[in-house]
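Given the coordinates of chain G, work out where chain F should sit on it, guided by the hints.
Going down the list, the sequences are from chains G and F. Everything in the first sequence is counted per my numbering, starting at 45 for the first residue and increasing by one. Everything in the second sequence is counted per my numbering, starting at 505 for the first residue and increasing by one.
Hints in this document: simulated from the structure, not taken from any laboratory. Cβ coordinates follow ideal geometry from the N, Cα and C atoms, glycine included. Check the hints yourself; a few may be wrong.
As the list claims (entries may be wrong) - Not everything, but these chain G residues come out facing chain F in the computed CB check (under 7 Å):
1. P60
2. Y72
3. V75
4. V141
5. Y144
6. Q146
Unchecked claim - DEER-style ranges, computed between Cβ atoms:
7. K596/F with I167/G: 28 to 38 Å
8. T115/G with R529/F: 38 to 48 Å
9. V138/G with K596/F: 25 to 35 Å
10. M63/G with V618/F: 14 to 24 Å
11. R601/F with D170/G: 28 to 38 Å
12. K99/G with R601/F: 16 to 26 Å
13. R601/F with G205/G: 15 to 25 Å
14. D611/F with V138/G: 48 to 58 Å
15. V590/F with S73/G: 12 to 22 Å
16. G657/F with M63/G: 51 to 61 Å
17. P602/F with T115/G: 43 to 53 Å
18. R529/F with P162/G: 43 to 53 Å
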Amino acid sequence: MTDTAGNATTTSGDEPVTMMEYFMQLEYSDVVSAPVMRFRDALMDARLIAQQCPKCKLVYVPPKGYCPIDTVELDERNEIQLADRGVVTNYTVVTPVQYYGQKETEPFVRASILLDPPGGMLILQDVLDIPVAEVRAGMRVEAVWAPKGERDVDEIGNRSGSALEGSLRGFRPTGEPDMPAEAFSDKVW
Amino acid sequence: MQCVLLGAVTELRATTHTIEFPYTRTLGPVIGSFFTGLRDRRILGIRAGDRVLVPPLEYDPETGDALKPDFVEVGPAGTVTSWSWVTKPTRKHPLDRPFGFALIRLDGADTAMVHAVDAGSIDRMQTGMRVTPRWRDERKGRIDDIECFVPEGGAA
Chain G
45 MTDTAGNATT
55 TSGDEPVTMM
65 EYFMQLEYSD
75 VVSAPVMRFR
85 DALMDARLIA
95 QQCPKCKLVY
105 VPPKGYCPID
115 TVELDERNEI
125 QLADRGVVTN
135 YTVVTPVQYY
145 GQKETEPFVR
155 ASILLDPPGG
165 MLILQDVLDI
175 PVAEVRAGMR
185 VEAVWAPKGE
195 RDVDEIGNRS
205 GSALEGSLRG
215 FRPTGEPDMP
225 AEAFSDKVW
Chain F
505 MQCVLLGAVT
515 ELRATTHTIE
525 FPYTRTLGPV
535 IGSFFTGLRD
545 RRILGIRAGD
555 RVLVPPLEYD
565 PETGDALKPD
575 FVEVGPAGTV
585 TSWSWVTKPT
595 RKHPLDRPFG
605 FALIRLDGAD
615 TAMVHAVDAG
625 SIDRMQTGMR
635 VTPRWRDERK
645 GRIDDIECFV
655 PEGGAA
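Chain G on its own, in the form it takes in the complex (with noise of 0.2 Å):
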């Protein structure tokens, strides 16, 4: 049995204590960034921006401010437009184990999404509308976005990477034909 923090308590009485509780619980609070304050603003329009850097022309999504491989700062001048749909790269079907804080129930899939030209990387996002079974590496897909009424970005920090669900639920199949391996073979990570 545990009390609302997690912590046991059903050791009195006359038994050895053998085992512990421990909850860890940390707590971030940081200021969101001037690029991911634009970043969320264009999410609730459902666009995506990034930051291209100018020397090697590598796109952050989300923006970052800076290019760490260049170290150059990135501002509004670096920011670009990113297309809402794209190809599959690689992913993974994930069997949910019900340990703490684990909401999912059923087999759901994590992809890595490289958008169309100018390009960007969308990491662990969901796939819609289809089984499974059926997702694979090369598959065309299209932004879902949440209704305009119903985004909400107030979770989104500096640290939130992709986890966009708020106001992009996932991605869906569009039906073209898929793209060959060789087409984004060097963008897979």
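Frame of chain G; chain F shown alone:
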């Protein structure tokens, strides 16, 4: 939250992320005995040569040798050997009012252990002060079965 930056007033927004991990750990024969003792309002040390270590350790810190489970009851009162004062406790601290974190060498022990001291005021804290445990009514076999220590001979 607002920030004045180069004459412009910018609205700043904060987000909070919480990471939680519930752990269940086995205690082993030594810490298990220590925690069982706490549940029964007894503080146990372990003999290491001619010394008594509190809290008890599984290995002699001097030699690295495994220690026999030779427990000895110590305290419950003890002497503060070092301390610092927490002026603004967070909700994760053991007390919700200013308190001291102290190294306390319990009577009969040769080492000191960390615990909270509810002294009421920093003016009452000093190295060498005598303290005694305040036990919780409902004990679970954890270090905070001792809610805190209090100055001997008078509540804070």
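Going through the hints against the structure:
The interface hint given for P60/G holds, since its Cβ lies 5 Å from the closest Cβ of chain F, which is under the 7 Å cut-off. Taking 7 Å as the C-beta cut-off, the interface hint given for Y72/G holds, the closest approach to chain F being about 5 Å. This hint holds: V75/G has a C-beta 5 Å from the nearest C-beta of chain F, less than the 7 Å allowed. With 7 Å as the threshold, the beta carbon of V141/G stays out of range of chain F, its nearest partner Cβ sitting at about 14 Å, so the hint is violated.
Because the smallest distance between the Cβ of Y144/G and any Cβ of chain F comes to about 5 Å, under 7 Å, the interface hint for this residue holds. About 12 Å separates the beta-carbon of Q146/G from the nearest beta-carbon of chain F, more than 7 Å, and the hint is not met. A C-beta distance of roughly 33 Å is found between K596/F and I167/G, which places it inside the suggested range of 28 to 38 Å. Checked against the hint of 38 to 48 Å, the C-beta distance between T115/G and R529/F comes to roughly 43 Å, which is consistent with it.
Take V138/G and K596/F: their Cβ atoms lie about 32 Å apart, and the range 25 to 35 Å holds. Taking 14 to 24 Å as the suggested C-beta distance range, the pair M63/G and V618/F conforms, at roughly 22 Å. Distance hint for R601/F and D170/G: a CB-CB separation of about 47 Å, inconsistent with the stated range 28 to 38 Å. Against the hinted window of 16 to 26 Å, the Cβ-Cβ separation of K99/G and R601/F comes to about 55 Å, which falls outside the hint.
Between R601/F and G205/G the Cβ separation comes to about 40 Å, which falls outside the hinted range of 15 to 25 Å. Between D611/F and V138/G the Cβ separation comes to about 56 Å, which falls inside the hinted range of 48 to 58 Å. Separated by about 20 Å at the C-beta atoms, V590/F and S73/G satisfy the suggested range of 12 to 22 Å. About 37 Å separates the C-beta atoms of G657/F and M63/G, a value inconsistent with the hinted range of 51 to 61 Å.
The given range of 43 to 53 Å is respected by P602/F and T115/G, whose C-beta atoms sit roughly 45 Å from each other. The beta-carbon spacing between R529/F and P162/G, approximately 50 Å, falls within the hinted interval of 43 to 53 Å.
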